[in-house]
Structures are given as structure tokens and as C-alpha cells.
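Chemist: Next come the chains, spelled out residue by residue.
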Amino acid sequence: MQRTLKELADLVGGRVAGDGSVVVTGINSIDEAGPGEITFLANPRYASRLTDTKASAVIVTDAKLSPKLPAIVVPDPDLAFAQVAGAFADHSVPRRRGVHPTAVVGERVTVGRDVGIGPQCVVEEGATIGDGTVLEAQVYVGRNASIGRDCLLYPHVSVRDGCILGDRVILHCGVVVGADGFGYVTVKGVHHKIPQIGIAVLEDDVEVGANAAVDRARFGRTIVRRGTKIDNLVQVGHNVHIGEQCLLAAQVGIAGSTRVGHHVMLGGQVGVSGHIELGDRSIATAQSGVDKNLPPGTIASGAPARPRQQHLRGLATVDRLPETLRKLKRRIEELEKRRGPGQE
Amino acid sequence: MQRTLKELADLVGGRVAGDGSVVVTGINSIDEAGPGEITFLANPRYASRLTDTKASAVIVTDAKLSPKLPAIVVPDPDLAFAQVAGAFADHSVPRRRGVHPTAVVGERVTVGRDVGIGPQCVVEEGATIGDGTVLEAQVYVGRNASIGRDCLLYPHVSVRDGCILGDRVILHCGVVVGADGFGYVTVKGVHHKIPQIGIAVLEDDVEVGANAAVDRARFGRTIVRRGTKIDNLVQVGHNVHIGEQCLLAAQVGIAGSTRVGHHVMLGGQVGVSGHIELGDRSIATAQSGVDKNLPPGTIASGAPARPRQQHLRGLATVDRLPETLRKLKRRIEELEKRRGPGQE
Amino acid sequence: MQRTLKELADLVGGRVAGDGSVVVTGINSIDEAGPGEITFLANPRYASRLTDTKASAVIVTDAKLSPKLPAIVVPDPDLAFAQVAGAFADHSVPRRRGVHPTAVVGERVTVGRDVGIGPQCVVEEGATIGDGTVLEAQVYVGRNASIGRDCLLYPHVSVRDGCILGDRVILHCGVVVGADGFGYVTVKGVHHKIPQIGIAVLEDDVEVGANAAVDRARFGRTIVRRGTKIDNLVQVGHNVHIGEQCLLAAQVGIAGSTRVGHHVMLGGQVGVSGHIELGDRSIATAQSGVDKNLPPGTIASGAPARPRQQHLRGLATVDRLPETLRKLKRRIEELEKRRGPGQE
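Chains as they are written, first to last, in the numbering used here: chain A, 5 to 348; chain B, 5 to 348; chain C, 5 to 348.
Worth double-checking, as some hints may not be accurate.
Each computed BS3-like pair below joins lysine-lysine, with the alpha-carbon atoms no more than 30 Å apart [to be verified]:
#1 C:Lys-296 <-> C:Lys-341
#2 B:Lys-197 <-> C:Lys-68
#3 B:Lys-296 <-> A:Lys-192
#4 C:Lys-58 <-> C:Lys-72
FYI, nobody ran anything at the bench for these hints, they're computed from the structure.
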């Protein structure tokens, strides 16, 4: 695909500074871009890096930042760049359409318009696939599962029986939605399985990364609400509810029945205990272990997680500890020495 | 499915209190249950929550706890509820039977009675599938692997060549049994692979969660013994032996050759070093890092893991540290001040 | 397969001590080996264990270590054992050859000589499969992806569109190469996806463990260089570059755009922040959280990671803290007591 700079400016609602007829054939970072590629400057502080770029054009917040290179001027270069990238991405691969002859589609399956079901997919009986949705190769959709419109399920995804996806949900390779939650009753040392007869629900615009898992509920629903993005290898336990527009980084684990509010951010490898509540807009930084409720807006760190400032003070105190103790001892020794034997 | 309360009471060996002819059509939690559903009260402390439930019946330890709602009275409501849930679950989906025409079954494969092999499964030559076992869609069973009776393997499971499953083993979507262990000999900075020619064995009643992995042994066997339950995204390294009736929560990792006793419990994201021993009934709480042997019955926490009481005292000491140091300094200052210049 | 001890000695360039006509039929550890099996003694300190072994032969550094058992003498028994194991492993299973009739191979796919493409594999249009490469069952290779020579891809592997594997790459079950990186632009609380239009490249001799994921780059390349070995359930974020001959243990996570040098070793469950640099031959021990650059050769531990010696001193200081504080208090009390009322 190729577009003129002017065409791209129109696409993102920006203004051209310089030669709008420049032809753009791809996108890249400032450092790696070559001729024909467009790049972007998110932070005016790094404007000096534009001097050496080999890009043919740039997206900036102010034409002054790019006196030599033709530019698109927008308030939010990050967003504009994402839109431009989207334009190029959409045209790079033809979209899959139709049901591949090797796919196995069960009875009473409802398939919408413009659906693509790729080779060796299995769609079990009673499932629904919404308009415009694409199942790439080797996807599994269980009995009576419901996939919304314009979803994209990559190879080796499993959506188990009865689970529900909203619209525009993206599931990357190996994602498992609706495996049984981890629930047992232990009688005399033997674990008896508690059937997990609930479902998992992923609302509109949820995206889940490679090999992540969202368990079905014991009964009722595990829910990931609208717009939440989940990275690779994340574990969401049974009966967890996650609010809207959260970001869960890679390898996060959330134990059963926890409630996560809206706009919550969890850093990589964070662990969250079961049966607790994380308030709206709370944040837990990477590797922290959240074992108590977080009030809305809290930034928590460490294991067990504390308010970030308290955690950092704790770390600093411990770091200074050998020195602090040495000083205290010296002062005590000084006091002890000065008390000569005459005072006894 | 629907059953009368009396029928369910007979199923779980309980006694009906109130109207045994009430028709039950499903199960749910106290808060989420509606008309027709049965719920349960595990802890008498929460009896007040029964006042507001919309359930039609309840399982309790004592008829007095439910003066209004028809009840089943049993000593262990958790267990009875699991049994009731099982009854409902078993009837919700028809069991897969027969070999699907798209499955690829190799030569010299032994298939027992009442086996279901779903669409696009691959069973390699020499493998054995025991009576009553179901392979859902897209399962892979390697050469000469042996699957016992009444097992249930969900989509995208891989059981690699030569590995052995006992009876009633459940493997959730994406589980990998018998991938090569992580073993190399490094000569002059170059890593040479040590072939992993052992196998992995999962004994009767083992259950493994979505996308978890149990590596094959370098030689000999990696073993997970009878009744042990493993949650999603867990890693069990090569030559690890795990005892009976253990519980491993999500994202636990156990490095090679470690021996885990019976009835051991590992919390979420626990890491266990290689070549150590965890005694029977030992517990490591979430996110702890176990790098030394644990004596039987130990409860360990923290990284590196310590006996839990010591760990908690350590945390408390560090938490109080700024205040403790401040007080000590004040007392020293006081002593220093009181030593007037006259004493010099 | 069976070989005489003399044949095996020739294979590994070693010398026979004792009866070279002994027939070897398998390999095993000192403790588990039985008649017909060969074992090895890597560390002369454990020579006493040879007294009780039931093995028929052993690989040692010095004939004196094995006065009774026939032996192969080599400078590096670990390496020789790996070579012997390799010889036995290669003959245990016949190699897959040809394209299975149920595999779906798209248009313009280039397939080299001696390739094996197993049942229910999907190779999308424009992909390249190099000479001698084997795709076991149910593998997915995306559009225009390129797989080098003599690679081995196990069941349920996904290599997404455009990604590149070098020669002799091994991907275990469930590995995902080239899933989208985790990148969003957040405008007024709503996360907009940044298309991930780069690729992932795994160079020659890379091995990746079960269910691990290497994300594609936002643009440009995520790279894992020659000879690096990655264990199960590891997450490599978008635009990460990993150098040659690194070892990443299970469940490691590396966030986006980080640069990892050559010969770096990361212990199990280590987390590495984005946009930092780990110098050549640096090491982070299990569960550490690396959030700053590591100079070459550093050994780092803890979260946040510090130089190992500093980390261990810190742990020791904290461990001794209750006792240290008690002693300080006693000395201060002593000083305070000795100041009798007469001094006021």
C-alpha cells in the first residue's frame, strides 16, 4: 500500500506542513525508519532525534519541531500514528472469508454475514458466530458459545461451551476462555472436584494475549468488561469480575472471586489474592502481591503490596539500614566509653 | 434437568427439612440464586444471608438455620453441593462418543470401549486410549503414549510420546504433558541440548489447568501422583516428583528434580528451586520463593521462603522500623544532651 | 538400538577402560540405571555412588574412578553423555516425512527437501519451510512466515505471519511466535490498539519451551539471537532483543523494547522491565525484578534487583534485625539506668 502525506493527514484529521505529495509506503520508529516511511514524535523533548532520521515524513504536535521533514501536525501524534499504522496494517493481508472445507461446524450453529472460519476450526453445536468475525486456523468454539461481531480469534484459541464474547474481541494464539475454575472440596485429605457450571464473559473490545486464560465461574459468570486489555500468559480465576478499560500486563494472576474496578492497571507478574476488591483507577506495579482491598486511585507496590510511597520509604530505610545501625552503635559506644569507671 | 428436593437429598445422603416436593432446576450461590435454584450455606455464621436469597432451597448443617426455606440437612454442605452440582453438570452436555471422521488415528492404536475422539484429534501410532475416555477436539496424543480410563482431555491438549496418564485424569485446554525438560551442557559458551528421553506420568485423578506444562524427564520419570490438582499456567520441570493430593495454584513453577511430598499446598505464583524436598503437608503461601528443603508440615512465606511466623515477624519489624529507629535515636540524643559540658 | 561400549567411545572421542564389547541398550542416571544401561559421573566427588549402581557402564573423567565397571574416559562426561543420549534418542522414533493428506498447505508455499508436515498442520500462503524441517501435528505457520532448515515444531505451535525462524530451531508444544505486542494509545480513558506490524525473528539453534510466547514488534523486529534457549511459559515482549547463547528459565517475563546481551542467564520467574539493558554475561537469580540496566557480568538478585552481594547482606541485616535492635535497646537502657536520679 502507498498513500500521499496529504491522504494520511486527511485520515487522521491533521494538517500538512511541507510537501503533501510525498509518498508514504510504510511506518517505523524514528531510529529505524528509512526512505518512504513515516515516523512520529510523541515527546517534543526528543526533537533532536529527527535530525538523523532517514524517514520521509513525521507526525508532530508543532510544525516548528520538523523544519526540514514534511510533517503531519496533530494534537496527539501517538493516536495519529496508531491510526496510520492501522491503515497500513489493514491492507497488508487479505481478510479470511467463508468456511474452509476442513472446518467442522456442528448442528444448529448460527453463522453471521462475512464470517471467516479457517482451516481445521471446530465450532460445536449451538454456537453463534457474529457478522464479520474471523476464526483463523485451528480455533475451537464450544457448544452454545456465542461470539459477537467483528471478532478476531487467532490459531489454537479455545472458547469453551456456553461462554460469551462481545463485539470486536481479539483473542491471540492459545488463549483459553472458560476452562474450569480451580475448585475442590477436601474430605479426609481427598480433593473432590466442584463442578464449574458457570461461564466466562468477555465484553466488547476486550483483547487477550497469547496463552492467557480466563476461567469459567463455579456458577454465575467470570466477567471481563468492555475495553479491557489483557497481555500474554495472564491468569484470571473463576468468578473474577474485571471492570472496563483495565490494562493487565503479562503474567498477571488474579485469584478467584476478586473484583477489579474500572481503569485499573496491573504491572507484569502482579499477583492478586482471591475475594478482594481493587478500586477504580488503582494501580499495582510489576511483581507486587496484592492481598488486601485497594481503595480507588491507590498506587500499590511490593509483596505484600503497600501504598507506593510507603513501599519506597521502606525500601530506602532497609537500604540505609547497615549504615544507620553502624552510626547508632557508634554513638552508643561513644556514650558507653565516656562513662568512665569513676562513675560506677 | 430437574429434580425434586427429596431426590437430591437421597443423592447426597441428606435429610429433607420442609417441602421435599420442591422442584430444583439449577444451582447457584446464595446471592445470585433465583427461583428454582438450590444454594448452600457452608458457614453458619452467614445464615443471615439466607433471609434475602431468592433460591428455592438450601443445603445446610442444621434445619434451624433455614426456618423458612426448604432444606437438605447434611454434615458437609460443601461436599453435598459439589455432588448436586455434579448431577446437574453431567446432564448439561451430551458426552462425545465414537471417533470423528476428521480425527487421525495412527497404526497399532488401542482404543477402549465407549471412547470419544473428537474432530481433528491426532492419536499417533502405538498409543492407548482407555475405556470411557474422551478426547475433545484438536487433542494430540503422541506415539506410544498411554491414556487411562475415563479421562477427559480438552481442546489443544498435547500428550507427547511415551507419556502415561492414569484413570480419570482431566487436562484442560492447552495443557502440555511431556515437552522436553530444559537441559543443556555448555561448552565454550555454546549450549548443547541434553536429549530428554524420559517420560512424564500423571497418576489417577490428577487434574491440570489450562496451558500448564509438565515436562518429561531427562531420563526416568517426571511424576505427579494420585489426586493432585494443578491450576492454570503452572510449570513442572523435568524429573520433578509430586506426591498425592497436592494443590498447586495458578502460575506456580517447580524447577527440575525437586521432590514434593503428599498433601502439599503451593499458593499462586510460588517458585520452587530445583533439587530440593518439600515435606508432606508443607505449605508455601502465594508468591513465595522456596529455595531450601521444607520439613513436613511447615508453612513457609516470602522470598527466600521462611517459616511463616518468622516471615510475618520480619515484615512487622521492617514496617515498624522507621518508627523504631526514630525512637532509638531520640533516646540516644537524650543521653547525649544530658551529658552536659561539665562532664567533659 | 544397541551399541557396544567401544562404538560409543568412538562416537564421543573417548577411551575405553575395561571391556569394550559390553552391549549398551539405553542410558540413565547413576541411581536409576539398570543392566544394559550406561550412566555418567560428572563430579568425581560422587564416585562412591558408582559402588551401588546397577548400570553396565559409566562415563568418567578418570579410569581410576571406576575400578569395576567398564568405562568411557573423556574430559567432559556431561557433554559425552549428551552425545550418547542423542544417539539413542535419534533412533527411538522414526522421523516424520512428507505432507500428511490432512495438512492444509496454501498457495505459493515453498517446501524444501526431506520436510515432514504432519496431520492437521496449516501452512498459509507464501510461507517457506526449509530442508529437513519437521512440523509435527496441528502446527500453524502464518502467511509469508519463513522456517529455516532442520527445525522441529511440536504440536499446537503457532508461528504467525511474516515471522522468521533460522536453522535448527526447536519450538515445543503451544509456543506462540509473533502474537501482537501489548500496545495501546489511551485517549480519554479508552485504549486504542496500536497495530503491531513488525515481526519476530528467532535465529539459528534457538529452542523455546512449551506455551512460551515471543511477541512480534510494533514495527521492526523482536529478535532472539543464535543459540539462546528459552524455557516453558516465558514471555518475551514486543521489540525485545535477546543476544546469543542466553538461558531464560521458566516463567521469565521481559517487557517491551528491552535489550538483553549475550550469554545472559535469567532464573525462573524473573521479571525484567521494559526499555532497559542487560549487559553481556549478566545474571538475574530466580524471581528477581530487574528494573534498571545491569552492567556486563553483574549478578543481580531481589526485587528490585541489586548486586547479589548487596542483596544477600540486606537479607542478612534484616534477618538479624530483631536481635540487633534488642541489643541496641538493652545498651541504651543500661546507659539510661546508670544515670541515677542523682545526676538529674
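Chemist: Do the alpha carbons of Lys-58 of chain C and Lys-72 of chain C lie within 30 Å of each other, as the hint requires?
Modeler: Judged against 30 Å, a Cα distance of about 12 Å means the pair holds.
Chemist: Compare the distance between the alpha carbons of Lys-296 of chain C and Lys-341 of chain C with 30 Å, and conclude whether the hinted pair is satisfied.
Modeler: Judged against 30 Å, a Cα distance of about 49 Å means the pair is violated.
Chemist: For the pair supplied as a hint, Lys-296 of chain B and Lys-192 of chain A, is the alpha-carbon distance within the 30 Å limit?
Modeler: holds (29 Å)
Chemist: For the pair supplied as a hint, Lys-197 of chain B and Lys-68 of chain C, is the alpha-carbon distance within the 30 Å limit?
Modeler: Answer holds: Lys-197 of chain B to Lys-68 of chain C is near 28 Å, not above 30 Å.
Of the numbered hints given earlier, the model fails hint 1 alone.
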